[in-house]
Amino acid sequence: MFAHGVDDATQSFLSSNKGVAFGPFLYIGAKHMITGYDHLLFLVGVIFFLYHTKQILIYVSFFTLGHSLTLLLGVMADINVNAYLIDAIIALSIVYKGFDNLGGFEKFLGKQPNTKIAVLIFGLFHGFGLATKLQEFEFDQEGLFLNLLGFNLGVEIGQFLALGLVLLILAVWRQYESYLKFSNVTNIALMAAGFLLLSFQLTGYFINQN
Amino acid sequence: MGANQKTVMTKAQLIKSSILSLIIGLLVFVVAVLPAEFGRDPLGTGKLFGFDKLYIDDAPEETIEVNTENGGPKTFKKLKLEKLGSPPSVPKPVEANNPPPSEQFEERSDTIKVVVPARRGIEYKFKALKHASVKYEWATDDGKIVYVDFHGEVYQENPPENVFYESYTLAYSNNMAGTFTTPFEGKHGWYFRNETNEPVDVTIRLKGQYKTFDQ
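For the protein sequence lines, the chains are A and B, in the order given. Counting in the numbering used here, the first sequence runs from 1 upward without gaps. Counting in the numbering used here, the second sequence runs from 1 upward without gaps.
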């Protein structure tokens, strides 16, 4: 099971699909986002210290811009990147965000790297991951663009649903003192999860080399 | 960006925290994920906690497709109890009741190829003592269906003209496998009949307490 895998039933649909299938692609995109634990972890990291709706919307827009670009570009131009390496970079983004939340960059570099640009860049990588996964299936050229739009829109919907859930949980937790008290522990745990995913993806990459 | 809400860590604490997270991540990976997802168990923890049981080798499995080209039949005669073995007029030799030996033939394994000519039958047999255990597998190379009679003949010093044989299995198939314990000492094996207009290759694999006839 890959974090960015598509399950067997979905795979069978994708392989046998012919023509325009906007609805199903929308569903697959949304499902992918909600069940992708690496993406959820990254989300937790990014909004951990975001308290305002406006900030959250800005972040979501940058991320969306990033992955929409590379998803469309990747599939339309048939660019293929190794899925393990892309997923390793996404795992690294979790470590990055955990370290950032601990105030690590401010301490060592004197300032925090631009969060919006960082989110945009990780959005670009995430889009390549999606594109690479989708390219593993034989696509019908007919209706490709519309299907991609459906998938991309599904990714957005899934992202909003996941974001809503994460925000809800964090909002409740924020009522308690333990939120700030445990913020360091939470972000260390986030980094640990990122390192775990990183080892998983790199091992997958090296094992599948031969 | 809400920086004032963070509990500020010193550089040393940051480094310690990062190393701690790396160690936790790697530890979970080596202890649980590596045995469960990749089937490798460097610390033996997969075996200890049973994580290694979760590992599924997803190498693609061989599949066999039914091939009915070249006059291969699509319908088969129903196999009935009455077709099993030699006719009732041939008595079962008393040697079938001999006690099993204390030692079996040495364990061995072979892969044998036989060609069943078009519209003909052919036999492949091995020798085994009473109560020997043999694992077998056979498959036609191109998925064509053959008729098969898996059977055995009792070892006799002076065999009569009409030899008694016992059928263990009758089938129309292109692939079978099983574990077989011989009911008596003698020759055991398969009669394959090819009902198509082309020769069919059958590959047999054996593993167990038996001897082949070329020995």
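The set of hints was computed from the structure by calculation and includes no laboratory data. Warning: the hint list may mix true and false statements.
[Said to hold, decoys possible] Quick partial rundown of chain A residues pointing at chain B, CB under 8 Å, derived from the structure:
| no. | residue |
| --- | --- |
| 1 | LEU65 |
| 2 | SER68 |
| 3 | LEU72 |
| 4 | GLY103 |
| 5 | GLY104 |
| 6 | LEU167 |
[Claimed, not checked] Quick look at which bits of chain B chain A covers, simulated, 3 or more residues with Cβ under 8 Å:
| no. | stretch |
| --- | --- |
| 7 | 21-28 |
| 8 | 32-40 |
| 9 | 108-120 |
Think of the CB as a built atom: it goes at the ideal place given N, C-alpha and C, for glycine as much as any other residue.
Each hint, compared with the structure:
1. Residue-level restraint check for LEU65 of chain A is violated (minimum Cβ-Cβ distance to chain B is 19 Å; threshold 8 Å).
2. Because the smallest distance between the Cβ of SER68 of chain A and any Cβ of chain B comes to about 24 Å, over 8 Å, the interface hint for this residue is violated.
3. Violation of the interface hint for LEU72 of chain A is found here, the shortest Cβ-Cβ separation to chain B being roughly 30 Å, above the 8 Å cut-off.
4. Interface hint at GLY103 of chain A: satisfied, since its Cβ lies 5 Å from the closest Cβ of chain B, which is below the 8 Å cut-off.
5. For GLY104 of chain A, the interface hint holds, the least distance from its beta-carbon to any beta-carbon of chain B being 5 Å, beneath 8 Å.
6. A cut of 8 Å between beta carbons decides the hint on LEU167 of chain A: the least distance to chain B is about 15 Å, and the hint is violated.
7. For a cut-off of 8 Å, the count of residues in the stretch 21-28 of chain B with a CB near a CB of chain A stands at 6, and the three-residue condition holds.
8. Counting residues of the stretch 32-40 of chain B whose CB lies closer than 8 Å to any CB of chain A gives 4, so the stated coverage by that chain holds, three being the minimum.
9. With 0 residues bearing a CB less than 8 Å from a CB of chain A, the stretch 108-120 of chain B misses the requirement of three and the coverage assertion fails.
Hint compliance for this structure: hints 1, 2, 3, 6 and 9 are not met, and every other hint is.
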